[in-house]
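With the hints as extra help, turn the sequences into a complete structure.
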Amino acid sequence: MKKKNLTEDEKRVYSLLKGRRLSSSDIVKATGFGKTKAVSILNNLVAGGYIEISGQGRGLKYFA
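Residue numbers for the sequence shown follow numbering that gives the first Met the number 0, so the first one is 0 and each next one is one higher.
Think of the hints as simulated: they come from the structure by calculation, not from any bench. Check before you lean on any hint, since a few could be wrong.
As the list claims (entries may be wrong) - Here are the simulated lysine-lysine pairs, DSSO-like style, with alpha carbons at most 27 Å apart:
#1 Lys17 - Lys60
#2 Lys28 - Lys10
#3 Lys17 - Lys3
As the list claims (entries may be wrong) - Now the in silico label distances, taken between C-beta atoms and shown as ranges:
#4 Arg57 - Asn4: 28 to 38 Å
#5 Asn4 - Gly58: 25 to 35 Å
#6 Asn4 - Gly56: 24 to 34 Å
Ideal Cβ positions, reconstructed from N, Cα and C, are used throughout, including at glycine.
Below, the structure written as C-alpha cells:
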C-alpha cells in the first residue's frame, strides 16, 4: 500500500466501504458527489491500495 494522506472526500468514501461492497452508484447516492468525482475518488483509492474491486462491468463493486 502506498503511503499518502487521504483527502476528506477520500476518507468519507473509504469509511463507507469498510465492511461493505458498494457500486459507484451507491457511493454517488450516499455522498451526493457527482458520478465523475465519485469514480475519480474510487480510482485513487484503488491505485493507492486502500480499496479493492470485484466483478466487472455493471456488477463492479468496491470494498475495503
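Hinted pair Lys17 and Lys3, Cα distance within 27 Å
holds, 18 Å
Do the alpha carbons of Lys17 and Lys60 lie within 27 Å of each other, as the hint requires?
It holds: about 13 Å lies between the C-alpha atoms, which stays within 27 Å.
Does Lys10 sit within 27 Å of Lys28, going by the straight-line distance between their CA atoms?
Roughly 16 Å between the alpha carbons, so the hint for Lys28 and Lys10 holds.
Confirm or reject the claim that Arg57 and Asn4 have a C-beta distance inside 28 to 38 Å.
For Arg57 and Asn4 the Cβ distance comes to about 33 Å; the hint holds.
Please test the hint of 24 to 34 Å on the beta carbon pair from Asn4 and Gly56.
holds, 32 Å
Starting from the range 25 to 35 Å, see whether the pair Asn4 and Gly58 falls in it by beta-carbon distance.
Distance hint for Asn4, Gly58 holds at roughly 32 Å.
Comparing the model with each numbered hint stated earlier shows that all of them hold.
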